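Residues per chain, in single letters:
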Amino acid sequence: MSSVTQRVDPVTLTVIWSSLISVVDEMGGALKRTAFSEAVREGEDFSTGLFDRQGRLIAQGNFTPGHLGSMPYVLQNVMRFIPLESWEPGDAIATNDAFLGGGHFPDMFLVSPVFDQGGFEKGRLLGFVVNTAHHADVGGVSPGSEGVQGVTSAFMEGIRILPVKLIRNDVFDPDLMRVILGNVRLPEKMRGDLLAQRNANFVGAQRLRRLYAAYGDNQVTQAIEEILERSEARARELIRRLPEGTYSYEDQLDDYGPGTEPIRVAVDVTLKDGEATVDFSRSGDEVPAGINCYINYTRAYASFAMRIFAGIDVPNNAGAERAIKTVAREGSFFNARYPAPGGGRASVQVRIFDAINGAMAQAIPERAMGAFTHWANPKFGGFDRATGKSWIMYDLVLGGFGGRSYKDGVEAMCPVFNCANVPVEVHETNNPVRIHRLELIQDSSGGGEHRGGSGIRKDVEMLADDVTVTLLGDRHLNSPYGLFGGLPGARGRTVLIRDGEESDLGSKEVRKLRRGDVVSFRLAGAGGYGDPVRRDPAKVIDDVKDGFLSRGKAEAIHGAAALTGLD
Amino acid sequence: MTRISFDIGGTFTDFALQTADGSVTIWKVPTTPRAPAQAVVASLRQRFGDNRHDPAYDPASVEELLHATTIATNAILERKGARVALITTAGFRDVLLIGRQKRYDTNNLHLDKPRPLVPRRDVFEVDERLAADGSVVRALDEAAARQVARSVADGGYDAVAVVFLHAYADPVHERLMAALLAEAAPDLPVSLSSVISPKFREYERTNTTVANAYVAPLVGTYVDALTTSLRDLGIGSDLSIMQSNGGLASPDLVRAYPVRIIESGPAAGVMFCAEVGREEGYDHVMTFDMGGTTAKLGAIDDGSPAVTPTFEVDAVNYRKGSGLPLNIMAVELLEIGAGGGSIARTRMGLIQVGPDSAGAEPGPICYGHGGTEPTITDANLTLGYLNPAYFNGGAMQLDAAGAAAGIETQIGQPLGLDRLQAAWGIHSVANANMERAMRIVSIERGRDPRRYALVAFGGAGPLHACRLARALEIPRVIVPRGAGVGSALGLLVAERTFDVGLTRFVRMDAAAAGPIATIFADLEARVREAASHLGSSGAVRLQRSASMRYVGQGHELRVLLPDGSTDAAYAEQVLQAFTATYQREFGYSDPDAPVEATDWYVVATVAGDRRGRDLRLDSTATGRDPVVGERPVYMPEAGGLVPCRILDRYALTSEHRFVGPVLVEERECTTVVLPGDTVSLSAAGNLVIDLLPGQSESLAETTR
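Going down the list, the protein sequences come from chains Y and F.
Last residue of the first sequence: 1034 in our numbering, with the numbers rising by one and none dropped.
Last residue of the second sequence: 732 in our numbering, with the numbers rising by one and none dropped.
Just so you know, these hints were derived from the structure itself, not from any lab.
Values in this document were obtained by computation on a predicted structure and should not be read as measured data.
Idealized CB from N, CA, C, for every residue including glycine.
Any given hint could be a false lead.
[Claimed, not checked] Only part of the chain F face toward chain Y is listed, based on derived beta-carbon distances under 8 Å:
1. THR134
2. ARG149
3. TYR231
4. GLN441
5. ALA460
6. ALA712
7. VAL716
Build out the structure end to end from the sequences listed, making use of the hints.
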């Protein structure tokens, strides 16, 4: 539509670009501070996007990488259902479809057109603002709508909303709201989050209008062309700096429920002519459990990993996006077809990164690290007779990073996606649970010249009857790998402690619990980097003094000589 | 009756001395970093000696000594505090190491977390447990706790912190532990979380308590040593020290709550801005302090600085979430990496300014100390805003040719711009960064900039202030006199305060009145008791506030609450205050959703005697012509490089009025007055710039 006839001067371009990014940042700030869903407010499991009038992504709020794959396409997807001509100022279109959107139903997108304010006329279309947020529950068989075991089809995962005009003239459609809220476990929470989402788009629209008013349509339009062009060029330039070739790695997920087979995670990364192609086609097939990845989700974390490894410093937009291609065989685990269930796909993102990390370690060893500890994302829920209310406790148990080429892995930090934990005191205030410990596990980290981070143990006791826990973890059966002689971390476990007896739970099991039961999460340790023999003995001694390693384990890994300075 | 204030900063220690008639003398000396008290005592001794015939300089006549210091902040930044033992609930020794676990930069997997103030080996566990409502689930194992107390006593620690889960709800176990510690190690300073920070969320509470213990021995020793030295000078009055909340406290309170004096200096600076606003008839002031490495932005509403219940120390590149969070009331300042020394680079054909800074060493290219990358100061020099012969009052000669050449080769040539365009690019990109930050502080937080005045200070603040004000439609800019020692002056006008807070979850329904009454009765009793130790006998004013949210949300909003009787009607007022604050902050509210409060606060302020406290700084104007020259200055508002009159601030009187473009030079800074704007000197001696109406970008939209 618009060709660049005159280039925007570099100063104006700088200022317009950073202003466009600040629009999506401000939208995100508004959403986060008013959100109810734990995933949004603690996990920043949301994203904001700004599109030009041609429907191209111009700026995306960097809150979670999880929507890098879906945001660029959501507008085109929505317009296939609701043609642009019928969009009016004050409208917003919602969808939570797994294929069109974020890959599972809890992610609700809200798309709003932005018109300039033209008197009685509709005004000129300037662009679109979009946000997506992970809702606490959208119905289905398991609280939190992310069950894996026994969830054999998307029809068990809650309400599916293909694009609908949920808001007209700034007002929620009351009929649609009844339909939606009548199908979820925590309708008040969802209503609050939808209000927050509406407000985020309102803030975004206002800022975008101001930007157009300040710089004029021509200049902004030209700046957008420049931004997309330069972003793509920059991304390609950075990828071109990596050594060309095809790099492969294979890892696996434990299973997709108790007693099932492992899922093969195989990746081939090809770097050629300034383009990265990440191909998961050799991976396993779709599985009959709520953990499949739709291509949008696979693309999100494949893009994120490649951005990290190539050091791509361009904020995401339709231009930068073109330099990284994600491919997976249709019908495979990483390119599932509707109605494959995908509620629990969050568990897979760390493995997507681990696999690409394993491949890229061959190309750029200094930027790779040992595998992560993986994480646990359990949801406890039920009906509490003491309060007469349904409750859902959404939890995040997050372990350490793998060893790096130059330093130990960081302890207890969120891997890949980015999330804060929920404080113990907050959980115990809001839910009928008592948490008995939250601590690092001694001797769990993968040894190395630079060791991995430790696993984490968290013990949660039920103070209510009739609780269902939906587990979402991994690395119970295969350890986080080490690199270049670094050792793998210890395997993880999930243990049910009932009447003092311990029994193992599957990493993705759904289990009924009763009052007094304790679920003990014991995350795997992260992988090490480099031969442990080369570790600085002073660090070994520190690890023993600080209790990360027992004396015996330290001796076994590093040799008795490393401990001579102790005592 | 003389009052003396001193602010010990990293480079300079600033003094202000006010005599009984209100007149103020200011001066500064280099800081002695290893022994900060040394410079203070030496400088005062010399002043007293030089003026020994002036009764105002009689040490015995010194009535108040007011002090701001970075000692606590530096101890944490440099990890040079005490060796602290942490005693905590069994099963939770890793609270500090785990933290909140979020990366401060999502797109960086190679970052590190802040190093905890207590290493893992110094954390001790005790078997005990409270529930969220404060009830005892498992009684404290006294025998084991006594054993821990003994280990701590024998461990060679300087201080100890005790933090048990849910101790904000009931201090019973922490007090028991403190008693056992007192038996085993009577001289060891103990910080209890139920005293230092009785608020929920264990990581933040633990970190605050540990930080308190970490700085306690150092601050205690420092306060004692300083007091002794000043006594030796013959000054009998007690010290008052600035807290991060903008209020002064007595040495006793500072010894007990040393973590509260972090950010002491910047808080005093904001109090100075509040006073300057008051002098010029403004209750609503935005504050803008731009120095060598950062710009700090703040707000004063109704004469009081915006205060937040949390503060982050030791942040990386001013990124939220990268430092150590502290539950302390702190004057709210948004800090961004935009200062005179911020480095400009090109990337992707764009100009990027900051957050990397050339700092003071090597500094900008124009300092001639080996700096090779162009900075904001280099750009400002190239644009003609700075006088190469009168930088820092002429103490430093600037290399204008070097600055221009650096900008031309590193920014101009890669982008196809000439040196002026390139310098203007750096200047305006820096402005855009600060404008965005200013928008966050103002519009995004429900403040209408058109109702505010902008008080600008710091070495680079007055140079950038007018363009910033225009962009935000702020109608008036004030450049205070004495801005170079703003924190020292702020100390002279600050009041004594003490705040208390606690966590109690109260749902705003029909049953809320009772709990609210109990909470405020408790808090107000505690704060009055503490206020009696503040070191002043004036009337005590109380300000209530609460952290509130819709039930189910995770972020709270701090809501100022009315005073008055806490009867049944009061609960309704609390709810209304929340709704109004929420509406202002976020542009909407939800009348159907239930509301709860999580934390409650009372701040006690002891009203100072303001008579004779107006800051009257000596004027040196002698009636000479303030126009001291003219030079070409880049003003795109006037079409480019235009001749611009240069004013000597020290020659200005309240009779003068000049219409821009003009530059006003003073020792510490240069004020850029844009074409059409009017600059004059107020009766109080502040520069006041009235912006030409209609020059600002339209801000017609309001939030919903």
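Next on the checklist: Restraint: F/VAL716 near chain Y, CB-CB cut 8 Å. Satisfied or not?
Outcome noted: With a minimum Cβ separation of about 27 Å from chain Y (threshold 8 Å), the hint on F/VAL716 is violated.
Next on the checklist: Given a cut of 8 Å on the nearest C-beta pair, is the interface hint for F/THR134 held or broken against chain Y?
Outcome noted: holds, 4 Å
Next on the checklist: Does F/ALA712 hold up as a contact with chain Y if the rule is Cβ-Cβ below 8 Å?
Outcome noted: The hint is violated - F/ALA712 has no Cβ within 8 Å of chain Y, the shortest such distance being about 36 Å.
Next on the checklist: Quick check on F/ALA460 please, does its C-beta sit within 8 Å of some C-beta on chain Y?
Outcome noted: holds, 5 Å
Item to check | Interface hint status, F/TYR231 versus chain Y (Cβ within 8 Å) | outcome: Status holds, d = 6 Å.
Next on the checklist: Using the nearest Cβ pair, does F/ARG149 come within less than 8 Å of chain Y?
Outcome noted: The hint holds - F/ARG149 has a Cβ within 8 Å of chain Y, the shortest such distance being about 5 Å.
Next on the checklist: Hint validation: F/GLN441 versus chain Y, beta carbon distance must be below 8 Å. Holds or violated?
Outcome noted: This hint is violated: F/GLN441 lies away from chain Y, its Cβ roughly 12 Å from the closest one there, beyond 8 Å.
Of the hints listed earlier, those the structure fails to meet are numbers 4, 6 and 7, in rising order.
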